[in-house]
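Please build the complete structure, drawing on both the sequences and the hints.
Protein sequences, first through last, are from chains B and U. Count along the first sequence from 1, add 874, and you get the number used in our numbering. Count along the second sequence from 1, add 874, and you get the number used in our numbering.
The reader is advised that the hints may include incorrect statements.
The list cannot tell twin chains apart, which means a pair is met if one copy fits it or any two copies do.
Stated by the list, open to error - List time: in silico SDA-like cross-link candidates among lysine to any residue, alpha-carbon distance up to 25 Å:
(1) Lys1363 <-> Leu1409
(2) Lys1224 <-> Asn1172
(3) Lys1224 <-> Gly899
(4) Lys1318 <-> His1407
(5) Lys1224 <-> Thr1170
(6) Lys1363 <-> Ala1039
It should be emphasised that the hints constitute simulated quantities derived from the structure, not laboratory data.
2 protein chains.
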Amino acid sequence: MLGQMMQHRLLVSSLLRHAERHHGGQLVVSRRVEGDIHRYTYRELAARSRRLARALAALGVSSGDRVGTLAWNGYRHLELYYAVSGSGAVLHTLNPRLHADQLVWIAEHAKDQVLCFDLTFLPLVESVAARLSSVRHFVLMSDRAHMPTYSTIPGLLCYEELVAAQDDRFDWPDFDENTASSLCYTSGTTGNPKGVLYSHRSTLLHSYASALPDALNLSARDAILPVVPMFHVNAWGLPYSACMVGAKLVLPGPGLDGQSLYELFESEGVTLSAGVPTVWQGLLGHVQKHGLRFSTMNRTVVGGAACPPAMLAIFEDTYGVQVIHAWGMTELSPLGTVGILKGDQLAWPKEQRRAVQSKQGRVLFGVDMKIVDADGEELPWDGKTSGDLLVRGPWVVSSYFNAANDSPLVADAVGNGWFPTGDVATIDAEGFMTITDRSKDVIKSGGEWIGSIDLENIAMAHPAVAMAACIAARHPKWDERPLLIVVTKPDAELTSHELLSFYEGKIAKWWTPDDVVFVDSIPLGATGKMLKHMLRDQFANHLLPKG
Amino acid sequence: MLGQMMQHRLLVSSLLRHAERHHGGQLVVSRRVEGDIHRYTYRELAARSRRLARALAALGVSSGDRVGTLAWNGYRHLELYYAVSGSGAVLHTLNPRLHADQLVWIAEHAKDQVLCFDLTFLPLVESVAARLSSVRHFVLMSDRAHMPTYSTIPGLLCYEELVAAQDDRFDWPDFDENTASSLCYTSGTTGNPKGVLYSHRSTLLHSYASALPDALNLSARDAILPVVPMFHVNAWGLPYSACMVGAKLVLPGPGLDGQSLYELFESEGVTLSAGVPTVWQGLLGHVQKHGLRFSTMNRTVVGGAACPPAMLAIFEDTYGVQVIHAWGMTELSPLGTVGILKGDQLAWPKEQRRAVQSKQGRVLFGVDMKIVDADGEELPWDGKTSGDLLVRGPWVVSSYFNAANDSPLVADAVGNGWFPTGDVATIDAEGFMTITDRSKDVIKSGGEWIGSIDLENIAMAHPAVAMAACIAARHPKWDERPLLIVVTKPDAELTSHELLSFYEGKIAKWWTPDDVVFVDSIPLGATGKMLKHMLRDQFANHLLPKG
Chain B
875 MLGQMMQHRL LVSSLLRHAE RHHGGQLVVS RRVEGDIHRY TYRELAARSR RLARALAALG
935 VSSGDRVGTL AWNGYRHLEL YYAVSGSGAV LHTLNPRLHA DQLVWIAEHA KDQVLCFDLT
995 FLPLVESVAA RLSSVRHFVL MSDRAHMPTY STIPGLLCYE ELVAAQDDRF DWPDFDENTA
1055 SSLCYTSGTT GNPKGVLYSH RSTLLHSYAS ALPDALNLSA RDAILPVVPM FHVNAWGLPY
1115 SACMVGAKLV LPGPGLDGQS LYELFESEGV TLSAGVPTVW QGLLGHVQKH GLRFSTMNRT
1175 VVGGAACPPA MLAIFEDTYG VQVIHAWGMT ELSPLGTVGI LKGDQLAWPK EQRRAVQSKQ
1235 GRVLFGVDMK IVDADGEELP WDGKTSGDLL VRGPWVVSSY FNAANDSPLV ADAVGNGWFP
1295 TGDVATIDAE GFMTITDRSK DVIKSGGEWI GSIDLENIAM AHPAVAMAAC IAARHPKWDE
1355 RPLLIVVTKP DAELTSHELL SFYEGKIAKW WTPDDVVFVD SIPLGATGKM LKHMLRDQFA
1415 NHLLPKG
Chain U
875 MLGQMMQHRL LVSSLLRHAE RHHGGQLVVS RRVEGDIHRY TYRELAARSR RLARALAALG
935 VSSGDRVGTL AWNGYRHLEL YYAVSGSGAV LHTLNPRLHA DQLVWIAEHA KDQVLCFDLT
995 FLPLVESVAA RLSSVRHFVL MSDRAHMPTY STIPGLLCYE ELVAAQDDRF DWPDFDENTA
1055 SSLCYTSGTT GNPKGVLYSH RSTLLHSYAS ALPDALNLSA RDAILPVVPM FHVNAWGLPY
1115 SACMVGAKLV LPGPGLDGQS LYELFESEGV TLSAGVPTVW QGLLGHVQKH GLRFSTMNRT
1175 VVGGAACPPA MLAIFEDTYG VQVIHAWGMT ELSPLGTVGI LKGDQLAWPK EQRRAVQSKQ
1235 GRVLFGVDMK IVDADGEELP WDGKTSGDLL VRGPWVVSSY FNAANDSPLV ADAVGNGWFP
1295 TGDVATIDAE GFMTITDRSK DVIKSGGEWI GSIDLENIAM AHPAVAMAAC IAARHPKWDE
1355 RPLLIVVTKP DAELTSHELL SFYEGKIAKW WTPDDVVFVD SIPLGATGKM LKHMLRDQFA
1415 NHLLPKG
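Below you can see the structure in the form of structure tokens.
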């Protein structure tokens, strides 16, 4: 027997309609690529998004078509978020930091029909346009005054002219909430990029969950500045959740240095920001150097990589800014866990609380997780036992876009209802999860797992070490043993023995690396991650010392 | 094109599974009908709910069957919430405060197959059992020690024995999220009660929205005490949302007097409570009389009737407790609007803020509302123009349970996608709604509407008035004019002229009632509401003085 409640679909357009009707006067403030600050209201965002939806239809964009973007965080990008998805087409945010060849591969794989881009990326798009076989229209996201007098891109369109040519009479169509809304590619360290195709339903449920008090705690009293780019997993969903709660939205454009961000924080009364640790490093550097304070910011979301405990302490102790430690993946829309303390934990001593906050956190309602051993058996939540981390939920990927054959691992696990994150983690009795390694990086010594991240962190704490990677080397008796690859700081002197002695007392003795190799550099990927698979190839025949 | 995200259904059982896995150690504390305090964890709630689900199956309860309850707020009632809905059956919470004949009518209309009830209601159930033709099993929600030695109910079952007979190995079934989960009847002042049949989807979406920071702001750091009964629109959804966020749940059983509640607030560290104004009147009376303070409670949800401004001021100014003014209906699951200030409003002077808080509030994301004139045309949001209030959204009723023909008004409006609340309201520019009347009580004078609630509030503020109702009387020139029906306080003396003079300066002159009739009593319904339709019948031929 079915309930007798209204059938209202969870659609991206309903977020915009809500923002317009119930928070119409709320502001969206953008630092433009053109240099100045632009301000308007949700009411104007909604009206311009409708005009843009008409313009897209006039360009022949129809349901399911992919519209690519190469753009910073700004109001035009936001209009595309709503106009494209709201129309039933698919917003495909491309990461301009990728290599041009990779961009072409992704746009071709996605079969983008339209490509919209900021002025910044005109040279980039000009250099690849001829290779983008599916793109029928190139749109420069600016006004006539900023259009180039000549471009190698044939028929280059002007965003503001497209919008100006339409009126705002447009009714957002109603359709199946499982319809695709947006597409993000995740570029792993190996293999081709993989596309994650979000739905309207997954986006809306993710918005509800991420706005909850124990997640990002979003309200109409917030002014949110997402430093995390809108081309990076939809800026962690903030362009959607801000409309859901009616928060002010402050979009920093290309100005991601400490000074530009700090100015916006202060001038716009920002209460909440969100970004990766390296951005905060720059911001804190600026604030410390000039003896500044945050007068309105009361919390910041740190994700994308683990938040260093020292950064957490500075934010909270020195600046009174709460750090919200979050973990997610492109495949999770992205939020999976958030490190908000539970009631009992609030009364714990500071050090103990900090230890909990340094973990990756507990799940948002909707997501479930578990850790399993090699046979897929669930492992205990004791904060010590580590295993492969699996997740499931309505905003977790079920299969990759246009992937003829997903990796057998994904297909298998998803068949059982769980997505294998590729991370190795522990979970404690309160449900707080800690990532200890990537599963492909874990070192299996005599049947036991050794986490490479812990070993690298210890090496990095040595004053003479600039960078350290720990990989598995083959061992006749133990199958694998840890091998440390190290880049020392300029002019620093360090021996293997000195460095290995540094591990004493810091870790179980049998976890200590068997050997150290000093190198000039460690290969890094486009997003700054160490390419350990290249190191593994390079040191495949490394002979460990007897011991 | 569909997105490629996991298909996870929004089911009530997922709330319990989440609470068990991620907040397993969190407490549920109940004041039992038997008199003592009972404590256990979400882990035990989940295990006992699974045993209960097996017990229900053993009694022959299957998908879609209705299981009725007559019970206070307590852990056994909570187990029924999850076991019944989680199994795919329908939890039907009956209101024990209704007249026995009405209860029988409702249980017969719902065709309840099982009836579970607290010890308190044994005499009530014994008195009506023979008339409940569809009920196959009567279950007393207690243990063997409290079972009566003899009962007129044949085959009376013992709840604890049913649970003890089962183990907890039970997998919650997976099914369409639009499946009915629970049923509540709303007893209007006229006509038969109407059943609202909630779905798993509507319940889950309502939980997400109601837990948001701008709604009830629920987290794992809360200890929630719902004074609002679990037989009254699912205690405003708190038994569900508490599991969603992992909050401690404190269930007061039958002890709803000021002293019993205050004791639980303090002993259990309650941070949030929820109930109707009359309950708070009792609580505040107790607290004031004994010079007490609230040491942990920081906010309280007031709904069911408008919160008197004086109560709001006492809670906030004297006791530092934030009042969350909420509006809803059985037909809305129940939450529609919540009176949480927006960012700009926080800086307003106190009086102005209070005026906003006294309104019924702004919508939760998911619900939309509008006010319309007699032709269905949308009216402006100026805080002055009043019109019929319509709502829509995924947790709004679409039709009543087993109703052969809904009222034409409902059918019509729902056909257009909007539910007519029967309320008359204004909405201001910020989206804050204020109820000014029930539409059937509004007075139409010369084509203009006069709100009866305002006129009654003024009369009630006169020191000699005990109760006042304002109804429409027929008028040859203006069609309708306000007529005031008044019960004076014992020994008070009051003339029509004195009372009407009292309106001067308080309201537009043409709103002043044309006449006053003094009566000994005003008829009240079961829930304490004035039965104005009876007054309208009684004074149908009242002759207004010429004027």
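Going through the hints against the structure:
Proximity of lysine 1363 and leucine 1409 under a CA criterion of 25 Å is satisfied intra-copy only: 19 Å inside one chain copy versus 90 Å between copies. Taking the shortest Cα distances, lysine 1224 and asparagine 1172 sit within 25 Å of each other both inside one copy (19 Å) and across copies (24 Å). For a Cα distance limit of 25 Å, the shortest separation of lysine 1224 from glycine 899 across copies, 22 Å, qualifies, whereas the shortest one inside one copy, 41 Å, does not. Taking identical chains as interchangeable, the C-alpha atoms of lysine 1318 and histidine 1407 lie at most 25 Å apart only when both belong to the same chain, with a minimum of 16 Å there against 79 Å between chains.
In this homomeric assembly, lysine 1224 and threonine 1170 come within 25 Å of each other (Cα to Cα) both inside a single copy, at 24 Å, and across copies, at 21 Å. Taking the closest pair of Cα atoms, lysine 1363 and alanine 1039 never come within 25 Å of each other, the shortest separation being 58 Å inside a single copy and 69 Å across copies.
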